[in-house]
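**Student:** Two chains, two frames, some hints: make the complex.
Listed here are the chains, written in short residue letters.
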Amino acid sequence: MTAALALHGLGKDYGARTAVGAVDLEVRRGEILGLLGPNGAGKTTTISMACGVVTPTRGTVEIGGVSLAKQPREAKRKLGLVPQDLALYDELSATQNLSYFGALYGLRGDRLASRIQWALGIVGLAERAKEPIKQYSGGMKRRLNLAAGLVHEPELVMLDEPTVGVDPQSRNHIFETVRKLRDAGLTVVYTSHYMEEVEALCDRVAVMDGGAIVAVGTVAELIAQYAGKGVELELTGEVDAAIAAIGAHGVVSREGTAVRVVPAGGLAPVIAAIEGAGATIARIESRRATLETAFLALTGRALRDEGGA
Amino acid sequence: MFLAAITKDVWLLLRDRGSLIRLFAVPIIFISVFGSMFKFGPKHGEPQPIAIWFAPGDARGLAIAHQLELSEGFVARPATSADAAREEVKHDAKAALVIPPTGPVELVLDLEAPIQNRAPLQGALTGLVVHAVDPTMVPPVIVRAPLGVAKPSDDISGFQITVPANSVLFGFFIVITVALSFASERRTGTWRRVLSAPVPRWQVLLATLVPYYLVGLLQLTFLFGIGFLAFGMHVAGTWAGLVVLSMAVVLCAVALGLLFASLGGTEKQIGGVGSMTLLVMALLGGCMFPRIAMPHLMQQIGNFVPHSWAIDGYYAAIVQRGTTLVDLAPQIAALLGFAVAFGGLGRWRFRFEK
Chain A
1 MTAALALHGL
11 GKDYGARTAV
21 GAVDLEVRRG
31 EILGLLGPNG
41 AGKTTTISMA
51 CGVVTPTRGT
61 VEIGGVSLAK
71 QPREAKRKLG
81 LVPQDLALYD
91 ELSATQNLSY
101 FGALYGLRGD
111 RLASRIQWAL
121 GIVGLAERAK
131 EPIKQYSGGM
141 KRRLNLAAGL
151 VHEPELVMLD
161 EPTVGVDPQS
171 RNHIFETVRK
181 LRDAGLTVVY
191 TSHYMEEVEA
201 LCDRVAVMDG
211 GAIVAVGTVA
221 ELIAQYAGKG
231 VELELTGEVD
241 AAIAAIGAHG
251 VVSREGTAVR
261 VVPAGGLAPV
271 IAAIEGAGAT
281 IARIESRRAT
291 LETAFLALTG
301 RALRDEGGA
Chain B
1 MFLAAITKDV
11 WLLLRDRGSL
21 IRLFAVPIIF
31 ISVFGSMFKF
41 GPKHGEPQPI
51 AIWFAPGDAR
61 GLAIAHQLEL
71 SEGFVARPAT
81 SADAAREEVK
91 HDAKAALVIP
101 PTGPVELVLD
111 LEAPIQNRAP
121 LQGALTGLVV
131 HAVDPTMVPP
141 VIVRAPLGVA
151 KPSDDISGFQ
161 ITVPANSVLF
171 GFFIVITVAL
181 SFASERRTGT
191 WRRVLSAPVP
201 RWQVLLATLV
211 PYYLVGLLQL
221 TFLFGIGFLA
231 FGMHVAGTWA
241 GLVVLSMAVV
251 LCAVALGLLF
261 ASLGGTEKQI
271 GGVGSMTLLV
281 MALLGGCMFP
291 RIAMPHLMQQ
301 IGNFVPHSWA
311 IDGYYAAIVQ
321 RGTTLVDLAP
331 QIAALLGFAV
341 AFGGLGRWRF
351 RFEK
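Top line first, the protein sequences correspond to chains A and B. In terms of the working numbering, the first sequence opens at residue 1 and continues consecutively. In terms of the working numbering, the second sequence opens at residue 1 and continues consecutively.
Incorrect hints may have been included.
Claimed, not checked - Derived contacts from chain A toward chain B, CB cut-off under 7 Å, selection only:
#, residue
1, Val53
2, Asp85
3, Pro168
To be verified - Simulated pairs of lysine-lysine, DSSO-like, Cα-Cα distance not exceeding 30 Å:
#, chain 1, residue 1, chain 2, residue 2
4, A, Lys141, A, Lys180
5, B, Lys268, A, Lys141
6, A, Lys141, B, Lys354
7, B, Lys354, A, Lys134
8, A, Lys130, A, Lys141
9, A, Lys180, A, Lys134
10, B, Lys354, B, Lys268
11, A, Lys70, B, Lys354
12, A, Lys130, A, Lys180
13, A, Lys134, B, Lys268
Said to hold, decoys possible - Every beta carbon over 10 Å from chain B, so not counted as near; a handful from chain A, in silico:
#, residue
14, Gln117
15, Ile122
16, Glu131
17, Val214
Simulated from the structure, these hints should not be mistaken for laboratory data. Here the structure is a predicted model, which is why all the values come from computation and not from measurement. Where a beta carbon is used, it is the ideal one built from N, C-alpha and C, also for glycine.
One chain only, chain B, in its complex shape (with noise of 0.2 Å):
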């Protein structure tokens, strides 16, 4: 039975353009567009530029430039002027320094920009410009890394946080096609001849979601393997927390898809609705745009959506050494709770006959 049903499925798979678009073409033009658009990590990004001005041969401005230069986060913009300095704000400059040869030294910043970009370049700037003043001043805070927190690799690419983010957007999109071929089967009647054969009713649900689970392990191994043969991704934790990860989020995924099935409605409303609520998700989850920069409230309702766990749990299994499977088991287990939530209710809702 869970053979033949494996093998009609990727018979009519085969022959499903659309899934096929669906499932595995278009997650790799959004994984090559941003992933080339975007760079993560300590080693990626552009130190961002500053203008300055000081008087020609003023200690302190000489000592604050030097301190600017040695920053691994700042380069310094020389200025012609102090009024040429607090122009170039304006433009591309993301702050500056005028330092006149007494007195304090002047930070011109967008007072417009959000306070959460406004406020750690100012006190990035103050506290550098209070080392250059006194170097020999201790510093009063020691950087740290969060305990049991795992350090990220160092040679993170776009690719692989879009990957991850990608794979879980579009794997999630299986359960349109788990819920259209339930609607299908009952549309044109094969559903009342599978039921009049001799299979108990659990197989012939279980027959129709396994090609599905299968379908969905493919579609997640195949774009992961695109990530790392086409895109040069590496998995910096745990291999194993990959593998484990992607089977609870395939299997979240097809438990949903059982239970749009039980919602009933047409191939067009399935559709239709069903992509809009897995874009919502995704949005909500950070597969389309990173939760950390979301509003507090926002993150927190990502959390009740399995699409934030799956992502949360690719990064720290990709980017973040030494992760390993049992530090993935929040993550995990999470997805699986989701899993049978949605199971569960679906086939509670779910009827047979209609």
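Just chain A, with the same shape it has in the complex (with noise of 0.2 Å):
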């Protein structure tokens, strides 16, 4: 069965800086597949290409099998895009926007008429659709953004940072809505910058670092693979030259006195190095293991905190 998406040595340089280098990726179709990645990562030029808005520097993108390069109008067709913005008109009704984001996928008459029903029905904004959307709260905003990306009936539905800014009453929303959506056949990329949502969400996740996917797999295959041996140390004594000499043995972060090591070749090296600086290791734990000491180990970087890309 052919891919829902698949990237091929995709890339996009700016000038003379390289924003993606080559992102090699396939998409399953029915799943939703998380794409993870800090600040800078190249997610969302990454989603851009793939949605034929930016045009790739290298690579080819296929949707549903259909070359973008070659046919775009067929592959955008299979396509829905869920921008980081909320990519509507304030001034006009949610009725007026479905219209005409539809209209530019070719929907006419009461098929269009139906698919916006169908739309508005499902991100739960059907009793308000003929208000102008200025008066919507931002979680409304945030499901008519959904339903913008998904009235023309895609195959494939990038969301892109869908849940930014939302109460937690729409976010809910949004997540059963992406849950049905798949359980109805349909695929999505959904990037976030919340861990616990990709791991709660998606089948599978693609960790994107320096524009390029550095890991793919399910959320249990990267915690297996990466975040199995992480610890937390408290030390004293040399503590800055002991988290310097860590540093060539492993993935550390630091939050207040706790120090969060994912070890590169086992512990032992690390405490050496910790008693080779002149610190002395108070107290040691084993860490839970989770998506984002995965993601720590994989990029060297919290997601939270470095906001999306």
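**Tutor:** So this is what it looks like as structure tokens:
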């Protein structure tokens, strides 16, 4: 079966700067793939290239087996984009917004009207369809933003940070909608900067860093492969020197007095480095392995503090 | 795609009070005020008062006073003394003629007045006095209209001048609306969403411009319509020329809007810098002040803005009898040339991806 989305050697340069090196990624039909990465990792550029918004410098994009470069109309018809911005016309009603975006995909007449009803229904906005959306709450606008990416019945939908700035109720509504869409056979690519969202929603996760995919797998696979050996230490004495020394033997992050380490090759070299730097281990605990630990091990950076890319 | 874009932009325009006021309401206020203030044409304008003194019963004085009354441009204002006549020039008389029983007639003028005002007055009054003194003299000059220039309509109202001038001035403000729409689409992210749709990019660009072209035509139709219906304006020249010229004006304005949009900038910058640029162009083009009254250099500079060609075309179409569509070819061609230049430069600079 062809992949819902296949990126081969996809890259983008802006002058001398490489934003995305060469991304290879296949998204399976009917799955929710989470795309995680720190700020500047190239997530939004990758999604923009995959949607035809940004022209790649190299590589190819296939959507449902159709080449985006060779058959852009065919390929784009299969795709729905939900941008990070609230890409809507504030002065217009929900119906008018969806009517315009649906028409861009060739929907007309009764077909357009029924798709608008469906999209508004699935995001729970049918009751307020005629109001100018400037009267909506932030969460309602987020839901309509999602509906605008779904109105033309795409096979694949790209959600770029769809829950930024929404209230818990709307966030839950968006989660439910995404799950329903997956259950209905839609493929979803989901970028978020909330680790727990990705853990809860996604069948697989691709981690991006430095303009490249550094790991792909299920949450369990990523944790097992990259987050199994994490420890949390409390140090005394020459703490700064010790942290600098540990850096050669694993990924280190500091939170107050606690130092988190994901060793690259066992715990013994880490302990030797601490003692060699003149510090003492006051406490050592094995940390529960999470996707966040795996992410830290892969990128050397925490996700939440970095903001979305 | 185009129908959807037009529908969407009409919805947006109807909810955008700022644009509605800028495009439709403010021009009407300007037209009303300036149209009521000015009068143009051979049948309009007040005769200029000329103070005159001569001794009672003086034949030469009576002849000159009679000649002043016959002229359409002057009206005699008898003074009680020579000095009283001279004094009148300090007030509202344009000049004074002091006619002694013998010797040369004294013409009193404000010698501080600009030469372009003083010289015609001096020439006209000198000629009038010569003709009054010796009516048998054959005039050495015959007055005719220039070759190829249609005769102006006899009943030009101020609105016949101010409606086109303000229509051009505010018609070009669609430039700001066009540039702002691109900036707004980029800021809100709708531009990304549209680019992800299965529509070729040239269609996306065209579909953004076409609604504003139609809005521009609607605006000119509205302003000229008000001119005809409410202000008694009429077309002395060519209706076809008026329509084709308006289409060229709006095309030029929308192309300039694309050029402004391609220069980037925030909505605030577009609003501020764009408005100032358009006002300067309008000033040079004669929308606020007739170019004929400008210094020669300014008139020459005015040829480099489309407004001047638009206004020249409108005056010919509306004011000059006998003007045909063919007579407007230079103005229409110039406007289309500006449109191609603006549009070409704008498309060359325009970046879909930012």
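**Student:** Tell me the hint numbers this structure goes against, listed in increasing order.
**Tutor:** 3
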